[in-house]
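Enquirer: In the order they appear, the protein sequences are chains Z and V.
Just so you know, we're using UniProt numbering here: the first sequence kicks off at 1 and counts up by one.
Just so you know, we're using UniProt numbering here: the second sequence kicks off at 1 and counts up by one.
Quick caveat, the hints were computed from the structure, so don't treat them as lab data.
None of these values were measured; they are calculated from a predicted model.
Errors might be hidden in some of the hints.
In silico SDA-like links for lysine to any residue, alpha-carbon gap of 20 Å or less [to be verified]:
#1 K297(Z) with K379(Z)
#2 K505(Z) with N168(V)
#3 K248(Z) with L151(V)
#4 K119(V) with W182(V)
#5 K248(Z) with T162(V)
#6 K133(Z) with E247(V)
#7 K273(Z) with Q531(Z)
#8 K133(Z) with L151(V)
#9 K379(Z) with I60(V)
Far from chain V, by Cβ distances over 12 Å, these chain Z residues were calculated [claimed, not checked]:
#10 L69
#11 V82
#12 G141
#13 G158
#14 L160
#15 I304
#16 Q337
#17 N342
#18 A474
#19 Q503
#20 A512
#21 G538
Backbone N, C-alpha and C fix where the C-beta goes; we use that ideal spot for every residue, glycine too.
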Amino acid sequence: MPVSRRSFLGGGLAAAAVAVTGTPLLAGCASDKKNTAAANSAVKLPTYTKYGEIKPDLPGTDVVLDGFLKYPANPVKAISEVPGDGKPITFMTNIPGAIPPSVDKNQFWQELNKRLGSELQISMASNDEYNDKFATRIAGGDLPDILNVPPGTPQIPGLLKAKAMDLTEHLSGDAVKKYPFLANIPTEFWKGCVFNGAIYGVPVPRGMSRTSLPLYRTDLLAAKGIKDPAPKNFEEFFDICKEMTAAKENRWAWTRVPTSYIRMMLGLPNNWKQEGGKFTSVFEADGNEDALEAARKMVAAGVINPDTFSAKAAARKQWFNGGTAAFDYDSFVAWNQYYSDNTAGDAFGVNMLDVPGFSSGDGKVWMGAALNNVTAFNKSTKHSVETLLKVANWMAAPFGTEEYLFRKYGVAGRHYTLQGTDPVPTKTGVVETGIGLQYISDSTLALYWAGKPDVPQNQHKIQQKIADRLLYDASYGLYSETMSKQWGQLTGVLTDLENQIVQGKKQVSEWAPAVKTFLSSGGEKIRGELQDAFTATGGK
Amino acid sequence: MLQRSKTGPQQQLSLGRRLLRDRVLLLFALPGCALIIVFHYVPLLGNVIAFKDYQPFLGITSSDWSGWENFSVIFNGDPAFLRALKNTLILTCLQSIFVFPAPILLALLLNSLFSERIKRIAQSILYLPHFMSWVIVVALFQQMLGGSGLLNNYLRSHDLATINIIGNSELFHVLLTSQIIWKDTGWATILFLAALSQIDSQLYEAASVDGASRMKQLWHVTLPGLRGIIILLFILRLGDSLTVGFEQIILQQQAVGRDVSEVLDTYVYNNGVLGGAWGVAAAVGLVKGVVGVVLVLTANKVAHIFGEQGVYQR
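When you get a sec, could you build the whole thing from the sequences and use the hints?
Expert: This is the structure:
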């Protein structure tokens, strides 16, 4: 390997680290490391330094997000230096909304390029198609400078080792302080960026904002005389669903079968549960049969849009927005998205349902996946790692800064109109800003909706309610080779079966044998690997 | 071609002479050949990943050889593979029985129309669906027959029981077959209509003078006239008989589950492109290709034995 400036520096750092601590640390030479749990947990994660310039109206905790009723007047320009290096930077990502106008017709994008000091060339695919695009681009060896790596990608460690930069020396510990807004991302999120005993990317943090529960249309429920629904058990919830269904008028309560919600009522694990070092998957836990039986009842009662099984996410969103359905199971991010996609006018309102216990008491809530994606930097990029990190840092400037205001809302006049200090997006603004910048890096979500202070208030309220009932996915940050290779396949079989069971095409009793097969054809092995990883990291 | 030329008068000419003489024709053929070589033959080399533990991020050359390991799903009968194979064979049978003869029947029907004008209008209408992409066709079927589609909305608003067609796993194979018939039957009549127009009308006149009824004419004149093209198309169809529609199926797979909808092509996609098991997917694809070639060659041989032309002449 030829000695580059970086590897030389890295080697030097490592030598210095050895000299100081007596043990070789991971900086710089980490690319030789194996992807073992011990090596990964030994990585010193970036030090969390909260950016404290902006005070929230509704202060959060370490799980509840900060809420803001107004955008701060005179937002601070937090970054003075232009992050780009003048040369075009390429980026590949999914985008959740409609495909935006191309750069020559998109004033937001043009302004962005000016501010970045580098032309940002973005190759996009819709959410539904991104995995295909990603797989083929990798296979074609045609990679951009900045790459949005979905967490479910098979064999991430090998992929990142072969294609991505090792960022450890630039981000580990206090090194991250050079990028204050990356340092503003809590440590927990960086855990998901560690592979091969090194930091291989920048997180796009989600967690609480991705926590999903039933979202409901307050206006549609109010029309039926239901205000602030708070069912005490499944039956009461089911009654509301029946109330909200009028199939003859083409209206159903639900966009999809809320099987996850029912599983939460029953307190089933969030993906994997760990207890005393033993891992249990959501599929094998007791209560699945009850959940499936209940879901089946809902489908049979016709409270779910009959096209749900063939519909994609985009169609479900249309039903909810168009009032064909009053409930959708989705996250806080989607909650906001619904407001920006709103075509129903001013009456349109969304709120979130808490989880009761299945027969009584409280249900549990599954904490949202920590990361939307890991953003990796191409090993063979022509840009310096500092430039790319500076760009990521710029993208992570939090709510309240001038950078955030521009990133999310664009330019005053064209993309938003100021109502007091609130930037209310225009139609052009919604379309032009949706170019996927949030997937380069992002600050943790701030609860806020321009001009509608009741939205963050409602969001904050429900988050406080569920905060002490959160269940975490115990497999987060633990790597299992088998899981990485086969998880999609293994769970795909169960999802298929679940669909058939709730449609009444198969019996609930077929679930148990399928779970047995799941365990014998990979599930047990995954459990073993997760448990080993957990032990090796000492339960950290 | 070369064999055939032995019988012609050009057999005395040297290769160089013949090339020189046909230079314009050869020049015309050049772009087509280049296209086939670049987009069909060169990519075939990629099949080598069937014998490798291929990792896309390492590339073909740096991935390790794994011998026949990737083929173990086939030899050991992996349940997911067998399921895909089963569904493929069911669909192959359905398509051979229902889809293949449909355009022949339609062509005969069209041919029996007297008014040229009506015939042309009918043809145009029948060709149209061919030009729609599967996304549109699937969406159309969904809008018409789906749970909240036209038909079921009508039934619901008249207090009648709804019919679950789209998303019903029991009807899925039938649905797929009907969609193909709806979409492509009209288009596929073109070749048969062309062949029908080649049949000498004197044969019909002679037959009718001999007192042959319409059915007898059909049996003794029309069908023998079509025999060559039917056999040719059937052999070609056999070659990709295991290709039972990828896009059409993947678009509708979610609703009915993989038990009834996974076919070899979707298996390759789901395991390879999405699942990351590229080697296994390539192995399955390769075997599928080999089976196709064997089927074509065998069918062609059989055609020769029965004195037909087949795809190429002996």
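Enquirer: Against each hint, give a clear statement of whether it holds in the structure.
Expert: Going through the hints against the structure:
| no. | hint | verdict |
| --- | --- | --- |
| 1 | K297(Z) with K379(Z) | violated (52 Å) |
| 2 | K505(Z) with N168(V) | holds (9 Å) |
| 3 | K248(Z) with L151(V) | holds (13 Å) |
| 4 | K119(V) with W182(V) | holds (18 Å) |
| 5 | K248(Z) with T162(V) | holds (11 Å) |
| 6 | K133(Z) with E247(V) | holds (16 Å) |
| 7 | K273(Z) with Q531(Z) | holds (11 Å) |
| 8 | K133(Z) with L151(V) | violated (36 Å) |
| 9 | K379(Z) with I60(V) | holds (19 Å) |
| 10 | L69 | holds (39 Å) |
| 11 | V82 | holds (33 Å) |
| 12 | G141 | violated (6 Å) |
| 13 | G158 | violated (6 Å) |
| 14 | L160 | violated (8 Å) |
| 15 | I304 | violated (9 Å) |
| 16 | Q337 | holds (22 Å) |
| 17 | N342 | holds (22 Å) |
| 18 | A474 | holds (24 Å) |
| 19 | Q503 | violated (8 Å) |
| 20 | A512 | holds (17 Å) |
| 21 | G538 | holds (30 Å) |
Hint check: violations occur at hints 1, 8, 12, 13, 14, 15, 19; the rest are consistent with the structure.
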